[in-house]
Structures are given as structure tokens and as C-alpha cells.
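Undergrad: Listed below are the residues making up each chain.
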Amino acid sequence: MTAPAPAPAPADVRSVLPRLLTTLAPYQAAVVRIGTAGTWGAYLLREWGNRRVLYGDRSPWSAELNDRLLADTHAFTALSWSDGRWWFEAVYLLALLSAGAVALGWRTRASTVLFALTVLSLQNRNVFLGDGGDNLVHLMAIYLVFTRCGAVWSLDARRRARRPGRDPAEWGEPRALADALAAMLHNCAMLVIAVQVVLVYATAGWYKVQGSRWQDGTAVFYPLQLDYFTPWPELSGLLGGSLLVTFVLTYGTVVMQVGFPFSLAARRLKNVLLAVMVVEHLAIALLLGLPFFSLAMVSADAVFLPTAFLLAVQGRAAGWWAARRAGRTAGETAGETARPVDAEVEPVGGADG
Amino acid sequence: MSAVRVWSKPARVVLVVAGVGLGACVLAFLGALFLHVAPANSLSKEYRTQVDRLVYPEFEQNWKLFAPDPLQRNVAVDARVQSIGPDGTVVTGDWHGLSAEDWAAIRHDPAPSHRDQNLLRRAWDFYESTHGEGDARAVPGSRGQLAERYLERIALQRIVSAGGRVIQVQLRVTVTAVAPPAWSREQVDTAPHVRELPWWPVQPEDGKGLS
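Residue numbers (the working numbering), protein chains in the order written: chain A, 1 to 353; chain B, 1 to 211.
Excised from the complex, chain A in its bound form (with noise of 0.2 Å):
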């Protein structure tokens, strides 16, 4: 995630032990953040039209069959609550608010929670409905609660900016003590998500090492020929037409796969490899017909990207920003135009988020 720690020395140690104190990797947590969030959102806004079926009063999955699966799986919806057709649309609403709110990073830690709840409720209201994708939702959705991902790329970062509080080496014990274990649930959570996606592209990988069409070089031909997933037939079979690109496809998903957990220990090969992925996850939200999917991947792999991109991607919004500002009030502020933005990066370390 960040600059790969040298090896401690036993010196060193000494060193490293406070970092595990402070808030790691906050501009991963903000991507996870804002990605997860907003595909969830732009999930629920695709399905405004077939809520109700999908999740509500309408479902063939009736509320009555979900309460008898509820008692033997004891997952947790609000929805079993009520049956009634308000409580679901107040939760439906709740869950689309809450995942702009949690994008926005406004409010992010109580947001989060609230986002966390209705993505269960919605998901465990009917489990037969979710793909690959909404499984990583659910996922990210509760270790999100547990992590500081609104400490940059938030409204709540650009307020705190705005109104600073005490400068932190000010701050008495008590509250050091309590921003101190606050950070360390960040970087345990950090850790869950990180390991998270490793065991994604893990399994994905080595179960398909042992699958005989990934071993002949076909399988990536028959996706493509599924009427579910092909919503352009025309191009699924372009693609599926060629023996060298079905061949080339299939061992590199294969190779990708099993190969992206070891690459972490190489710094420039892991970027290619995420950089890569995110190309193929590109590639199936069109072929497949899976945008909801492909982003939930995305965002939750995000978590892996270096934050010498991240900081580099925020200093030409700023730029695009100020220059867009400039423009329109073309004259007045002159000499301010790329004026870097690192009033909105800190404080990492502050009290809440």
C-alpha cells in the first residue's frame, strides 16, 4: 500500500511500532471509501424501477420465505421488521442517501455505519440476487466501519481544514490515547481489506488452475456465449472468434490471478499487474454485462494502488479545480491559479473520521 517498510532491524523496530499508531494508507482508504460507495449508489439508482421486487413488497422471495430462511442463517436485514411497503422504501431511500453520504465522506464514520446496515438489510432481504460484486459490498461495506476512510478526499476532511482544531502534539493523554487506538482499528481494518482482495484473486486463481478449460485455453470463449452475459452478442462472438486472443485471455486471467498475490512484493510489477486488472475488469462490465461487478472490483483493489498515484491524480483535480475557479472569475485572481491544495490533505491523524 504504502512505501514497503524496510526490514526492521531490531533498532528499527522502535521506530516503526509509533507509525502503527498513526493513520496508514488514508488516501487508499478514501478510494475504497468512494468507490465502494458510489457503485453501491449507482446500483440502487439503476434499480429504483424494480426496487420493489427486487428487495420489497413485490418479491417473489416473500417476506414469509425469507423469515424461514432468516431463523436457520440468523443474517441480519431491518427489513424483517416490518413487511410493510414504507418501511422498505424509507430503508430503500436510507441506503441510497447513506452511500452518497459515505462517498462524500460526510459525517463518515456514523455514515458508514448507516451505509453498512442498509447494504446487509437490502442483500440479506434476499440473498438470491447478488453476484460476485454485491458479495464485496457487503464485504467492504463493514470493514469500512472500522476504518478511517474519511480522513482525506471528505467533506469532513475539507471542514476540519476550514475550522482546525488543537494542533495534536497539544492534545492530553486521554484524547492522544484515544485518536492512538482509533488509528490502530484503521490499520487492522486496513489490513482485513487488503488481505481481503488477496484472497479474492487467490481463490479465483488457483481454483481455476484446476479447471480443464483454463488449462486448454478455451474457457474465456464460453462466458461469452452465455445468454445471460452476452448483452452484445456481436462482439462476444468477435472476441470468442479468435483462437490466439481466447488462448492469450485465458491463461493471463489464470496467470494474473494466482501471480497477484506474490507480486505485492514487488512494487512495479504489483502496478502493472493492478493496472492490468483494472483493463480486464473494464472489458467484462461491457462483454459480460456486469458495470456493478467490475466497479466493486475495482474500488475494493484500489486498495492497493500507490500513493505517489493517488497524490498525483489529487494535484491535477486541484489544478483542474483552480484553473476552472480562475476562469470563471477570469481576472480578479490572478496569480492564483495551480495554487497546490494542502489545506484540504491534512490532519491525517485527527480526532474522528
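The hints are simulated quantities; they were obtained by calculation from the structure and are not laboratory data. One or more of the hints may lead you astray.
Simulated restraints, written as ranges between beta carbons of each label pair [unchecked claim]: (1) A:F309 with B:A191: 46 to 54 Å; (2) B:S211 with A:P233: 28 to 36 Å; (3) A:G241 with B:G141: 27 to 35 Å.
None of the values given here were measured: they were computed from a predicted structure. For glycine and all other residues, C-beta sits at the position ideal for the given N, C-alpha and C.
Starting from the known structure of chain A, fit chain B onto it as the hints suggest.
TA: Just chain B now, kept in the frame of chain A:
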């Protein structure tokens, strides 16, 4: 945070205890996830109850994306209903292509709905996973029965009865193997295999809340 804070002894105790506790929790959690996704092995069998208790219901992991092999057949579910008119005549309706409707909706949609892409498809998977060989009705109270009721209600929701009260519903499934790629020399039987399920009786309350 530039200067490294000097902690008092009680604060250090709190930090160390919290650090060790959190670390142990994270290790246990990730260990359980690993054992859950790994192939069944000596260790995962030994700790199966503990792992299951942690993973289900909220931390399920389904990452065998198109693995070990991608699906290589198209499964089409059709349904028809039998209704009884006020004068007592029983009419059997035409077959209605439920999956065909889904496919038509997915075609040329850049963001297909879960309603078209997953609802029926996964309901059928649920049915198949709870019914082994044959289509005998499931034991009352079992998951198989839930799957039957679910499919029945999906059919009832989509088929508009021509009039009269629906008394029975029947499903039929057509499985067609995907033909191997043009360049392949493999021979695969791509003839559609049709299987009719028995008629399921429908009670008036079975259609509750569908429209």
C-alpha cells in the same frame, strides 16, 4: 504527527493490550477466511464449526469466479399455468419463456438489472442445489420447498392469466450445451435437453403481494 509522543506507563499498557488483542483478532479472522476459501483440508475440518460460525452469515466468500470451469450450457426456464373458469372449465395456458424474457431484456443494455440477470437464474440454481436427481417435491420445511415456492411465485408474477383462477403451475427447463469454438475439433452434443417438472398446485394465497 511529527514529534513522537512519550506515553505514561498506564497508557503504554493500554496500547500494548489493545495492540495484542487487535492483532490476535485480525489473525483469527483472516485465518478463518483462509480456511473457508481453501479446499477442504485437515485443519479446516478440525475447526469447521468455529470457521462456519465466523464466516456465516455475513462474511461469506464466493470467489470461484468462473472456476474451476465456466458454465458451458445455457439453461432456459419456461412456465405455464392451468386455470379454472367460473363455469368450472379448466384451461392450460401456453408455455411462457421466462429466461427468454430475461435475455431479451439484457440484450443491448450496458447495465443489466439484477431482476433480469440474476433473479430467475439464481432461483433456478437454488432449486437445482436443493433437488438432487429427479424433480420429486421437497420435504415440507426444507430449503428445497423454499426453492419451489420461490420459482412458483416467479412464474405467477410473470404470467398474466388469461382469466379464471390459477390452480396449477408447471415449469420446464431446456439445457443446451454451448458449441465449442469454431477452431476447436471437439465434438459436443448441442441438442437441447428438455425436462418437464411436475405440476405444482397453487393456493390463492401463493400469489400474495406479487402485483
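Undergrad: For every hint, state whether the structure bears it out.
TA: To see whether the hints hold, each was checked on the structure:
Roughly 53 Å separates the CB atoms of A:F309 and B:A191, a value that falls within the hinted 46 to 54 Å. Checked against the hint of 28 to 36 Å, the pair B:S211 and A:P233 passes, with Cβ atoms roughly 32 Å apart. Look at A:G241 against B:G141: about 50 Å separates their beta carbons, and that is not inside 27 to 35 Å.
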